[in-house]
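K.L.:
Sequence:
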Amino acid sequence: MPRLSFANARTWRGRAFGTDVHVVLPAIDQDYYRVVRSIERELLQIEKEFSLFADSALFRLNETGILRNPGERILDLLTLSGKLHQATGGAFDPTVQAIWLAHAGNGDVAAARTRSGWQRVEYSASQIRLAPGSSLTFNGIAQGHAADRISLILKQAGFSDVLVNMGEISALGAPHDRTGWPVRIADAAGRIVGQSELSDRSLATSSPDGMVIGPQRRSHILHPDGREPIWNTVSVSASSAALADGLSTAFCLLERGEINTALARFQDARLELCI
1 MPRLSFANAR TWRGRAFGTD VHVVLPAIDQ DYYRVVRSIE RELLQIEKEF SLFADSALFR
61 LNETGILRNP GERILDLLTL SGKLHQATGG AFDPTVQAIW LAHAGNGDVA AARTRSGWQR
121 VEYSASQIRL APGSSLTFNG IAQGHAADRI SLILKQAGFS DVLVNMGEIS ALGAPHDRTG
181 WPVRIADAAG RIVGQSELSD RSLATSSPDG MVIGPQRRSH ILHPDGREPI WNTVSVSASS
241 AALADGLSTA FCLLERGEIN TALARFQDAR LELCI
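Under the numbering used here, the first residue of the sequence shown carries the number 1, and numbering increases by one thereafter.
Just so you know, the hints here were simulated from the structure itself, not pulled from any lab data. Mixed in with the good hints there might be a few duds.
Unchecked claim - Cut-off 20 Å, straight-line C-alpha distance, at most; resulting in silico cross-link-like pairs (EDC-like, lysine to aspartate or glutamate):
id: 1; residue 1: Lys155; residue 2: Glu42
id: 2; residue 1: Lys48; residue 2: Asp20
id: 3; residue 1: Lys83; residue 2: Asp268
id: 4; residue 1: Lys83; residue 2: Glu197
id: 5; residue 1: Lys83; residue 2: Asp209
id: 6; residue 1: Lys83; residue 2: Glu40
id: 7; residue 1: Lys155; residue 2: Glu40
id: 8; residue 1: Lys155; residue 2: Asp200
id: 9; residue 1: Lys83; residue 2: Asp225
id: 10; residue 1: Lys48; residue 2: Glu72
id: 11; residue 1: Lys48; residue 2: Asp76
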């Protein structure tokens, strides 16, 4: 397959996870529509597993507190979430969903915190079980997971130079005559605050002010213990977009020393921006 150049690139655009997404591909007609169908099928499957609002596997788990015979995808995210939780001293914690709902509905946040905590999640290949009142969100990692999955599908299809943007970015190869894909980093207001060049690498960016919730207009990035975000915008690169996504989310809540400690646990990850 020829190297992609900006002149012969073809861009698929869609919508997933509440945001615009796109994939830049070589303009090869015989592959394009087949690949687009694969992308769309994969995104539908991811939303079927991880959406908080549809009849997804995650929705059923949160409603009933148990999910029997869980799929490989959700188990993979739970495993990575556990590693991130440990590395970040608990800052990355999918059980903050109860706190998120309390803020959104002007509810009892203190009571919601008693229903949060990674220790309230038990999982194995046979079932996932939540302690009473607990619920999960993968919003801090799902977009990165999607970027990883779409990149894998394209790589297996023989594409070597592709840019995948699912809200977080995964880059394969590079455009012709370049060493990597040029990527600009924007803050919550859309201002360009940094740039990077990616080749066979992923980039995730988190901004606490990217979304606010409830009448108190709290940041959507929540610490289970109530710590406030420290940084305006954080970008992390890694070979895995899911890993970069989880780290950038948690790092918004951590001091620089804590960030460095977490990075030491993931030798492949690199802090690209922290302002």
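K.L.:
The structure should be examined with respect to each hint, and the outcome stated for every one.
P.N.:
The hints, checked one at a time:
Restraint check: the Cα-Cα separation between Lys155 and Glu42 comes to about 14 Å, which is no more than 20 Å; the hinted pair holds. Restraint check for Lys48 and Asp20: satisfied, since their Cα atoms lie roughly 18 Å apart, inside the 20 Å limit. Only pairs whose Cα atoms come within 20 Å are accepted, and Lys83 paired with Asp268 is accepted, the gap being roughly 14 Å. Among the hinted pairs, Lys83 with Glu197 is inconsistent with the structure: their alpha-carbon atoms are about 27 Å apart, more than 20 Å.
The hinted pair formed by Lys83 and Asp209 fails the criterion: a straight-line CA distance of about 26 Å is larger than 20 Å. Simply put, Lys83 and Glu40 have alpha-carbon atoms about 29 Å apart, too far for the 20 Å limit, and the pair is violated. The hinted pair formed by Lys155 and Glu40 meets the criterion: a straight-line CA distance of about 16 Å does not exceed 20 Å. Simply put, Lys155 and Asp200 have alpha-carbon atoms about 11 Å apart, close enough for the 20 Å limit, and the pair holds.
Of the supplied pair hints, the one linking Lys83 and Asp225 holds, its CA atoms being roughly 18 Å apart against a limit of 20 Å. For the suggested pair Lys48 and Glu72, the alpha carbons sit about 13 Å apart, so the restraint of at most 20 Å is met. Only pairs whose Cα atoms come within 20 Å are accepted, and Lys48 paired with Asp76 is accepted, the gap being roughly 16 Å.
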